[in-house]
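Top line first, the protein sequences correspond to chains F and U.
Counting from 15, one number per residue, gives the positions in the first sequence under this note's numbering.
Counting from 3, one number per residue, gives the positions in the second sequence under this note's numbering.
Derived from the structure by calculation, the hints contain no laboratory data.
Among these hints, one or two may not hold up.
[Claimed, not checked] The list that follows gives simulated cross-link-like pairs (lysine to any residue, SDA-like), each with its CA atoms no further than 20 Å apart: (1) F:K144 - U:V266; (2) F:K144 - U:A267; (3) U:K280 - F:S125; (4) U:K263 - F:N290; (5) F:K144 - U:Q222; (6) F:K40 - F:L301; (7) U:K113 - F:G150; (8) F:K144 - U:V258; (9) U:K263 - F:G151; (10) U:K280 - F:G151; (11) U:K263 - F:W145; (12) F:K123 - U:V258.
[Said to hold, decoys possible] Some chain U residues well away from chain F (every beta-carbon gap over 10 Å; in silico): (13) R83; (14) G185; (15) V245.
We put the beta carbon where it would ideally sit given N, CA and C, even for glycine.
Each chain, letter by letter, is given below.
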Amino acid sequence: MKQRNISIIAIVVLFLAGLLMPFVLKQYHLNMLTEIIIFSLYAISYNLLLGYAGLLSFGHAAFFGLGAFVTAVAVIHIPGISLWAVLLIGVAAAVLAGLVLGSLLLRHKGSYFALLTLAFNALFYAVATKWHSVTGGDDGLSITRPDLPLGFTTVPLSGLTPFYYLTLVIMGAAIVYCWYFTNTAMGKTVLLMRENEERMKFLGFNTNISRLILFTFTGAMAGLAGVFYTFHFQFVSISAISVDMTTAVLLMVFVGGTKKFWGPILGVFVYIIFQNYLSDITDRWPLFMGLIFVLMVLYVPGGLSGVMMDVWQRLFGKKDPNGGKSAAAEEATP
Amino acid sequence: MSDIPVFFLHGLAYAGLLFLVSSGLTLIFGMMNVLNFAHAAMYMIGAYLSYTIIMQMTGQFWMALMICPVILFIIGALVERFLLRRVHAQGHLGELLLTFGLAYIITELVKWHWGNYPLAVNVTGFLNGTITIFGFIYPIYRIFIFVAAVLVGGVMALILYKTRLGIILRASVNDSEMTNILGVNVPLVFMGVFAFGTALSGFAGVIAGPLLSTFPGMAQEILIDAFVVIVVGGFGSLGGAVVAALLIGQLQSFGVLLIPKLSVALVYLLMAAVLIIKPSGLFGEES
């Protein structure tokens, strides 16, 4: 329980700090922070697949891009559509895609699964590129952010600060829900399935259904992040649904570390800040990305959060009760 | 519709190229259980190297066809020995991410050295000629691709199933520990397999140059198709790769002829259909 209390305090502190940010940061940095929050949800949803369930997917951008494109298409083709309706449609599309793809692909594991998700991501990308009349093809789609109806009043979202607050509240709530999910019976089932699937089957769990639910859930969260991605940039291009977008999230999660729930958020910070400054200096950004991948795999497989936990252990070294097992496994034990 | 034979031949040529790329991929996957994301990047190196050898140095296509696979064999051996082997303990995830990172590095370095634009590779001599089949004038080079693929596939099958080396290879896959105890240097065998697979991709790259010309996106373009080939054919199955490459080659060729708008999606639809009916692929073993 103690661990849980610390987490709740951390969440509240982070949220309050987030509320103060518009008073502290310049417009440029607030813009970046909004992007970081959106990608944090995307990365955390991905880590639920990779870190918690042990499924390496190369198709997460399919959900992200689907949410992003459905948003743009809905705003353009349904005049006067409410923001809440857009959110609902975007997430519903991702859920549907998650159910269909999940039931097709989850029969496979490991490298097979990775390859198949990659191929389906490529299919989504091909459709987005070729279906010019709906998706705008290479040109992408521009939208204007709809206003936020709150029942008693309507808040215009054209300015960055109100949109930042909306992002903070909704993305924050979704991230907290993801965290809560890892503590539910369902979340723990997924975790234990990774450790020993045969045993879970033997104990009477339907592992296929559990995996499908998790896959769909993470897809829905990625779709939600995609909706906000379109709202934030007020533009969506085929890059949102490309394999590169999957690579980006993979890099974020891997740099941050898969073993801690909050690891991917670190990765997103590093990635967005790096990308913003590196792409100013050099157009060889992919080269650096590849180098980071290779060096991390070789020397820092635990990611930044792993390094931080190591340092923490060494400085305040209580004996590790788990013998160095993953944090996810630690959270699983009651 | 009278040019159906021509489209059939186009399909065969592309199938040959697809087989050359995916056979190396499926060999590495079947033997070492490593899904090599860098495979298409190696193919790209092969193609660009052949540009340098053919267009800038010797003008000899055959020279490139001999030298490039050797260079890529060496690159493959080095990658296996100094990178892949070190992350083997981390399991699939480490290996996948490593080859993934390598693919990015290689693609970017190739763009750096050769520039971010297409380069045309021309063949000379009798390969540049045409031949009349079924009353159509057809470029010899495309037929050459198909013949080369048949030869390579035949030699691979002979080695795997008719030689002592093939027995060692198959034994290493079945039970690497036992094979090691029996006096075979299994790590060396794996290094050889990876290097050979990489050399094959280099060979395919040289072949692809005159057909598709070299361009920065060539790796990504072929990678997805090659992946689809090994999904449809069955993971690690050489025979499956043959059948799947032939199927997809024709599908691509006639897709463009019959339903040009949907041709990109056809390949994926085939893959989805195979997955629904037989998830392990046409010739794959049930996992």
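Results for each hint:
Straight-line distance between C-alpha atoms of F:K144 and U:V266 comes to about 9 Å, which keeps the hinted pair within the 20 Å bound. At most 20 Å may separate the alpha-carbon atoms for a hinted pair to count; F:K144 and U:A267 meet this at roughly 10 Å. At most 20 Å may separate the alpha-carbon atoms for a hinted pair to count; U:K280 and F:S125 meet this at roughly 18 Å. A threshold of 20 Å between alpha carbons decides the hint, and for U:K263 with F:N290 the separation of about 37 Å lies outside it, so the pair is violated.
A hinted pair counts as satisfied when its Cα atoms are at most 20 Å apart, and F:K144 with U:Q222 qualifies at roughly 17 Å. Of the supplied pair hints, the one linking F:K40 and F:L301 is violated, its CA atoms being roughly 31 Å apart against a limit of 20 Å. A distance of roughly 28 Å separates the Cα atoms of U:K113 and F:G150; the hinted pair therefore is violated under the 20 Å criterion. In summary, the hint linking F:K144 to U:V258 is supported, as the alpha carbons are separated by about 14 Å, within the 20 Å threshold.
At roughly 13 Å between alpha-carbon atoms, U:K263 and F:G151 fall within 20 Å of each other, so this suggested pair holds. Simply put, U:K280 and F:G151 have alpha-carbon atoms about 33 Å apart, too far for the 20 Å limit, and the pair is violated. Pair hint U:K263 plus F:W145 holds up; C-alpha atoms about 9 Å apart against a cutoff of 20 Å. Restraint check for F:K123 and U:V258: the C-alpha separation of about 34 Å exceeds 20 Å, so the hint is violated.
No Cβ of chain F approaches the Cβ of U:R83 within 10 Å, the least distance being about 14 Å, so the stated non-interface status holds. With a least CB separation of 30 Å from chain F, U:G185 remains clear of the 10 Å interface cut-off, as annotated. Every beta carbon of chain F lies more than 10 Å from that of U:V245, the smallest distance being close to 18 Å; the non-interface claim holds.
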